[in-house]
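Construct the complete structure from the given sequences, taking the supplied hints into account.
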Amino acid sequence: MGRLQYSFAALLSVLTIASITGTSLAQDDQGPVVDIQGLGSVLGTMGETAWTGRPIYQFFNIKYAEAPVGEQRFRAPLSVLPWSGVMNVTAPGRGCPQRRTISQDDPDAEDCLTLSVYSNDLTANRPVMLYVHGGAFVVGSAERFGPEYLLEKDIVLVVIQYRLGTLGFLSTGTEAIPGNAAMYDVLESLEW
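Numbering-wise, the sequence shown is residues -26 to -1, 1 to 166 according to mature numbering (1 follows the signal peptide of the UniProt record, and there is no 0).
Simulated from the structure, these hints should not be mistaken for laboratory data. A couple of the hints might just be wrong.
[As the list claims (entries may be wrong)] Computed Cβ-Cβ distance ranges for the label pairs, DEER-style:
| hint | residue 1 | residue 2 | range |
| --- | --- | --- | --- |
| 1 | A150 | G108 | 27 to 33 Å |
| 2 | E165 | P101 | 16 to 22 Å |
| 3 | T26 | I151 | 44 to 50 Å |
| 4 | Q11 | D95 | 15 to 21 Å |
Backbone N, C-alpha and C define an ideal beta-carbon position, used for all residues, glycine too.
What follows is the structure in structure tokens.
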């Protein structure tokens, strides 16, 4: 349980101002900017809750792992590398490839290991809720269900994308394709 608590604390530090973590926050004309310690800065956007119109700070499509392509396609994900500048995370990302959307015409289709973070207060310590979308591990995406209702409560909501279907669960029992890559995606998002 201790490791899980530390993972949630790491996710929460993205959205809180705390001198001990080095996380900083700014607001510019385009939206909120958060500095993620050790990675880089992200520019988010604003939304509002469905019933009361409370503001929601939204950070879509933040990479938590490198694209699982080439030799990494069926293996555990590699942690995301730091970036320079401010990453624009104001728009939802693509879902991970699934049977109905796989295309050889899109070389970036598998670059989908991202998460979205939502909060109605960037300065308060809040409980973190991690949502792993449904779809029987073969269909679905993180952006299918928004935060408009859950953010009526004082929480930080984190919604992840993970590999689906064959890309997430194929196994040959070998080192090249050991299996359960999608479960490693979920673990990597928790460690992020």
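Query raised in the report: Does the hinted range 15 to 21 Å hold for Q11 and D95 at CB?
Result: 19 Å, holds
Query raised in the report: CB of E165 to CB of P101, is that within 16 to 22 Å?
Result: Given about 19 Å between the Cβ atoms, the range holds.
Requested in this report: Just tell me: holds or violated, for the beta carbon distance of A150 and G108 against 27 to 33 Å?
Outcome: 29 Å, holds
Requested in this report: Hint says 44 to 50 Å; check whether the CB-CB distance for T26 and I151 agrees.
Outcome: Cβ of T26 to Cβ of I151: about 48 Å, so the range 44 to 50 Å holds.
Hint check: no violations occur; every hint is consistent with the structure.
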